[in-house]
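Engineer: Protein chains in written order, with UniProt numbering: chain E, 1 to 356; chain A, 1 to 356; chain X, 1 to 356; chain F, 1 to 356; chain S, 1 to 356.
Mixed in with the good hints, there may be bad ones.
No copy is singled out in the list; a pair is fine if it fits within one copy or between any two copies.
Derived EDC-like pairs: lysine to aspartate or glutamate, alpha-carbon spacing no greater than 16 angstroms straight-line [as the list claims (entries may be wrong)]:
#, residue 1, residue 2
1, K285, E106
2, K285, E197
3, K62, E197
Treat the hints as calculated values from the structure; they're not laboratory data. None of these values were measured; they are calculated from a predicted model.
As a plain string of letters, each chain reads:
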Amino acid sequence: MILFRVLFLVFVTVALAATTVEPVVAQNILDSRLDTPIGTPENPLDVGIGIRIDQITSVDQKAENYGAVVVLRVEWTDPALAFDRQELGRDIRVFNPPALADHAAEIGTVVPAFVIHNQQSNKWIHESAASLRYDGRVLYVEKSSLTLQAPHFDFRKYPFDTQEFHFEVVSIFPSQYVSYHPINEFSGLGDLLGEEEWILDNARLETSQVTGLSGQDSDQVALIFEGHRHLTYYVIRVFLPMLVLISVGWALFFLDEYRKRIEIAGGNLLVFVAFNWAISADLPKLGYLTFLDFVLQCMFLMTGALIVFNVALRRLKVSGRESGARKLDNYAVKWIYPLGYAAIVGYAVFAYLLVP
Amino acid sequence: MILFRVLFLVFVTVALAATTVEPVVAQNILDSRLDTPIGTPENPLDVGIGIRIDQITSVDQKAENYGAVVVLRVEWTDPALAFDRQELGRDIRVFNPPALADHAAEIGTVVPAFVIHNQQSNKWIHESAASLRYDGRVLYVEKSSLTLQAPHFDFRKYPFDTQEFHFEVVSIFPSQYVSYHPINEFSGLGDLLGEEEWILDNARLETSQVTGLSGQDSDQVALIFEGHRHLTYYVIRVFLPMLVLISVGWALFFLDEYRKRIEIAGGNLLVFVAFNWAISADLPKLGYLTFLDFVLQCMFLMTGALIVFNVALRRLKVSGRESGARKLDNYAVKWIYPLGYAAIVGYAVFAYLLVP
Amino acid sequence: MILFRVLFLVFVTVALAATTVEPVVAQNILDSRLDTPIGTPENPLDVGIGIRIDQITSVDQKAENYGAVVVLRVEWTDPALAFDRQELGRDIRVFNPPALADHAAEIGTVVPAFVIHNQQSNKWIHESAASLRYDGRVLYVEKSSLTLQAPHFDFRKYPFDTQEFHFEVVSIFPSQYVSYHPINEFSGLGDLLGEEEWILDNARLETSQVTGLSGQDSDQVALIFEGHRHLTYYVIRVFLPMLVLISVGWALFFLDEYRKRIEIAGGNLLVFVAFNWAISADLPKLGYLTFLDFVLQCMFLMTGALIVFNVALRRLKVSGRESGARKLDNYAVKWIYPLGYAAIVGYAVFAYLLVP
Amino acid sequence: MILFRVLFLVFVTVALAATTVEPVVAQNILDSRLDTPIGTPENPLDVGIGIRIDQITSVDQKAENYGAVVVLRVEWTDPALAFDRQELGRDIRVFNPPALADHAAEIGTVVPAFVIHNQQSNKWIHESAASLRYDGRVLYVEKSSLTLQAPHFDFRKYPFDTQEFHFEVVSIFPSQYVSYHPINEFSGLGDLLGEEEWILDNARLETSQVTGLSGQDSDQVALIFEGHRHLTYYVIRVFLPMLVLISVGWALFFLDEYRKRIEIAGGNLLVFVAFNWAISADLPKLGYLTFLDFVLQCMFLMTGALIVFNVALRRLKVSGRESGARKLDNYAVKWIYPLGYAAIVGYAVFAYLLVP
Amino acid sequence: MILFRVLFLVFVTVALAATTVEPVVAQNILDSRLDTPIGTPENPLDVGIGIRIDQITSVDQKAENYGAVVVLRVEWTDPALAFDRQELGRDIRVFNPPALADHAAEIGTVVPAFVIHNQQSNKWIHESAASLRYDGRVLYVEKSSLTLQAPHFDFRKYPFDTQEFHFEVVSIFPSQYVSYHPINEFSGLGDLLGEEEWILDNARLETSQVTGLSGQDSDQVALIFEGHRHLTYYVIRVFLPMLVLISVGWALFFLDEYRKRIEIAGGNLLVFVAFNWAISADLPKLGYLTFLDFVLQCMFLMTGALIVFNVALRRLKVSGRESGARKLDNYAVKWIYPLGYAAIVGYAVFAYLLVP
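The following block holds chain E by itself, in its conformation from the complex (with noise of 0.2 angstroms):
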């Protein structure tokens, strides 16, 4: 890995430089240069930070964090790095990024470090470049590959749920000394993110101040975007059998016997088990209940109860009292179970999808 970067990265193209900054805003620089060095309380550093992610590697809603392959771009103009472009015979020199901050200390500057705040793993670089262009432009990139913490993860709706994602970059120095803006026009998601599960997109950048590595107020941008879910898995895997059980169990109350209701609602109960157990794989241990949760737990407790009710009627049935039993039961299967299922769906779509 080493070899290799230093061997390849060391020259970064020069257009990797030719970013447009006003000749205004260059001159202001330059001016101010006389009086008092950058990155200081009274001369703060002004830098652009880009955040663009070209590929979604995972989604690991258990442990709530993502992996992303990603591009960062930073910017920013330092007059004490500028150089004189005759005397070199270029405009840009091209740097290995550890020579340009051997360079910018030997010189007394700063160089803007950040840290990814929601960094949750090591971070492997793919490649990282770094160019200065005679007035003191640089232009850092770097593609590199990382996990990232998402810990706004909330399920109350899953699978209807929408998530939001962040990639968070904070500057070591603090605000008073390093202020940070954001490129919008390198920043985004890719196209080919290579993500299946999730539907990501709404992405932006915002600006904020948050507590730094030094424990004072420092700059963070952050890269936010949202996240919900294909649902054809979940109709196929999960409410379409649902359905189509329970759909089966009711058409079964239809023939008379208590005893085989019985037996078939008590097979259905351990059917709900094993859907719980299944979509509890999928969910780290929350707290709460989730739509899906709440569902299956209730229709759970309503079989449960039908049981209890079965046998009832059946002791009606032994102790001679059959036609109450009976008018019972056709009320109750003509009316509670399918009743009670769909009361059920749609007390949890109410309370769980509706309201906010």
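Position chains A, X, F and S relative to chain E; hints supplied.
Structural biologist: Below, chains A, X, F and S without anything else, positioned relative to chain E:
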């Protein structure tokens, strides 16, 4: 990784060092500087340690460890490192950490090295930085992710257990050379730990002396915090299904045939075995029974006994003593089944949860 | 790793550079050397890229990526790097890659850095080497293992699908500075890929322009190959068991009791749910139905309908209209059951496999 | 990692070197210094090795390895490394380990390199440090985590087995150049290993000679310890469920119908297959039977024989010889079933556990 | 890792180089030194390669690779590296491997770099060392762990298959520059491989020429060894359970009811599907049938046919032709069932195991 860090970490905000060291203390140090070098038994180096856990990336109770993203803060004042700010023209020198170590080595003073006592994996450093104030005040900050041993797990009250988690920073130098004090204002747990299963709180710093790498007593500052579980998961995945299955089993006993009961109880027996294995998959292979194990094992044994009891009843009936069988049966069904299960739970609550 | 590589990789066979650069071209370059430096819009650097995949270590269709061991070959001629072979006494200088980069940096010329566009993991370099011929001809070879995104997966025809895999090498310099051409004779797939599930073939190099790290159009050379699956696995694990279970189910319908049929069909219903989940474990959570999903879901629904149909028949019989029930039954058993299943498969083949 | 370590590890407490080297020995070494260099067959270097295991991070009996966090301590005295403490003004020089190696290389003396013979994974060093006393006494300490082969596993008595774990430190230099002796006071197992399944004890250091990397006899110091299992897990997950299922099966045989028995025994057959697979998931694919395997296989075969026996009885009854069947049956139920199972367990205990 | 290795690996026992180079050969080399440099077509460098596998950490037949801890030994004599032992006062110089490479680069000679052809993962070097004798004899030793491709797996005879494993060391230099010869006395398999499932033996070194990284013919030395499986695992987990289930199924057919038989055979059908999936979990998704697949599939089909046959018999009986049914039945039960299964196994043994 390396390239990037050498580039951007070399420079740390001057604010990193803008901590409040009381002038008087600084004065003392400057005075003592003439006498004996710091970091010796005559003049031990006093080091402040701050530990802030930003993320809990995982809690693996089977392996008894947890993953964390942590910000470590190390502060000390070493007059030998002081410099003339007039000459340098700046109050603060910012160092790439290895460069500070090299500098200290050259002038023959110590850097207070530490080791994380319960570290289990490699430590991936996201970012680190060091700054030095003109009076010798050093601030080292490091953000990293790692896995830590959590050997204090005790599952006896599982899933109602409270566990203790440690993060132990131990000095490599013995206590007589380097002493530690906690920095409480930069320590504790972050706001977005990203952990769903555990409620983590009660974080506190504790200072103590342990046997260090050198084989001698060394100072330790530990961040200790506690966790207990959200119970919703256990209620809807374990307790509710068990309660429903047992209740339904009880209802079915009111249908009089012994044969059927035996089948139902036999099915329950297998369900208990399945629960038993499912729960054991979440825990290490313990040398003792947890609350949940105890309840499940007792219910399992009682269900086995119920089957034998029903076989006996049926043999009574077959051998013509049906009325005796029926009497015994009523007694067992109406009292022993529910009261037996309740007694098991009651005893378990008393013996496991209430007794400290 | 590092030590070893620094030891053994420093030296690369002189033969590495013994490639055929046409004398005329070399002459042109030498001429142009006097005018403008290479690697500029006036005189872009032409680079040859060879991509040979030696091993496919894994194909993870759930994560939509694949692992590969790849040999990359980069060739270019830069007159600025030429040296006097008389003076050195050798035609070839062999470089440790970072040393070549340092050398190029010193004399102020560029090294054509690249990035692998769909790289997903860290890249572990097994070995890398660079050689330089007296006329400025450079050959860089690198063997490495990495994981690559395969976002073009389309499972609609699963398991009869054909997928496309890419390996994309993108220049870090914009196209106007560095242009790429493929080296076909050193590219393609190896003979012992070590992949059992997929039949991989149709490898080809494609050149295009994409937006590079710099944000400008950059040249890309991609190795593209295709894979389709050995079907034996799916035949013996899925299609044959399903065919046998359905056939046996059909045979059992010739035993006349409706009650027994309902049990059998109910069992099949659960088997379909199990198959459904087992197959979903092999695929990502898709937003569409695959061929296999479609077939399974339709059969599942039809089996559910069969149960309801049998319940209706039994009610007919119970209510005294047995002959009508029997007539309906013969019709259904003899025609609807087998033809229905055949129609499902036929429609699925038409809609999923034949329609492009 | 690297940055941090270079920063903080450069300096190790002077106390690290404050070990008691007897003055006489030191004197001898100083004397012999004038004759022959140390680390030669005439004057082999004597090195002390201490191995303390702080944590057991995992025991993977399937892969036959274990993970450990270990503190290694290496001590030796090399007069060639001695320095004039008056001149330096200090008794101790603290080295960053690579710096010590460089220093030794410069003055042409050896550093006693070692390799961990049964190391299996990479070794992640948490911290390492070296100190040198004025008389040439060196102390090297290293804390690291790694995975170690445990090839001595023998599962014949599983789960009542006792296993041996090794940690083997081998000299890279042959015995005639460098000899090892154990440092018992800094060796052994820590207090909080964090391992729940195994009871680990009986740790001891053993010195021996093995064939080293050089192909010649080299000294080895090994920490050897033993582990046996907490049995609670196996009692409540395996033995108790099996005992209850077998007892219930026996009770059910007192209900006279052969048909029912066959069903019950058939169910048990499948339960044994399930147990068989569940237990095999915990073990490697062995070339021999464990105690538990033997018991399960015999019970499985016996249950199969019971079914055949019941089929025969039923055919006897059907063919009119019911009384003979009944007699055989009583004999089998009352004696063969319980005694057969007991005999299996008894023989297994004798053949597997008692015979050494 | 790095720090440690730089510290302790710099020095390798002088004995490492104490290998027997015949004086005559050395003489020749010294003579030829005056003519042409070594490592050229006129005077190719002859390199000895030793490969000893100390541990097999895993055999992953699904991914078709294996993990190993290996000791590589590389020996060669390059007169250009010779030195004057009088001047140095020593016969042997011990090098940190990168330092040797640097030294060789300075004096303009080659170091025989190699690559492991079937390496799949990163290679973690536990330890490496190099020594140089006064006459130019170099010995390089390296102990490392890595994962290697094993693409020669052929599962047709599974689980009675014999597989071939390779460890291939290929020269980076073409054969005309560097030639390889095997060092048999330092090669082979260790005594404690730590692999339980496979019996590994028949290790041998083979020399050949393959296309190297340079695209030209390069020398390869490969350690090749073979493995076959302990069969106990397959007997007690697969063959014995299947034999018992089939035997019991056969016994049950002697109870005359067709209805019951259909249920039993239906249960067996599901057991075969479960076995089918369980076995497929251990193998990659192959494009052909293994011995075990063939046996299971045939038995599955035959069991399906048996059910259909019993349905036909029952219809015969229902339609009044019971005696014909009974005759057919006796024939089938007594002959077809056992002989059919035996024939399947016999044919499979002949077609899969005996035919080469």
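Engineer: Give a verdict on every hint.
Structural biologist: Evaluation of the provided hints:
Taking the closest pair of Cα atoms, K285 and E106 never come within 16 angstroms of each other, the shortest separation being 53 angstroms inside a single copy and 53 angstroms across copies. In this assembly of identical chains, the alpha carbons of K285 and E197 lie at most 16 angstroms apart only when taken from different copies (5 angstroms versus 21 angstroms within one copy). With identical chains, the CA atoms of K62 and E197 are at most 16 angstroms apart both within one copy (14 angstroms) and between copies (10 angstroms).
In terms of the numbered hints stated before, the structure departs from hint 1 and from no other.
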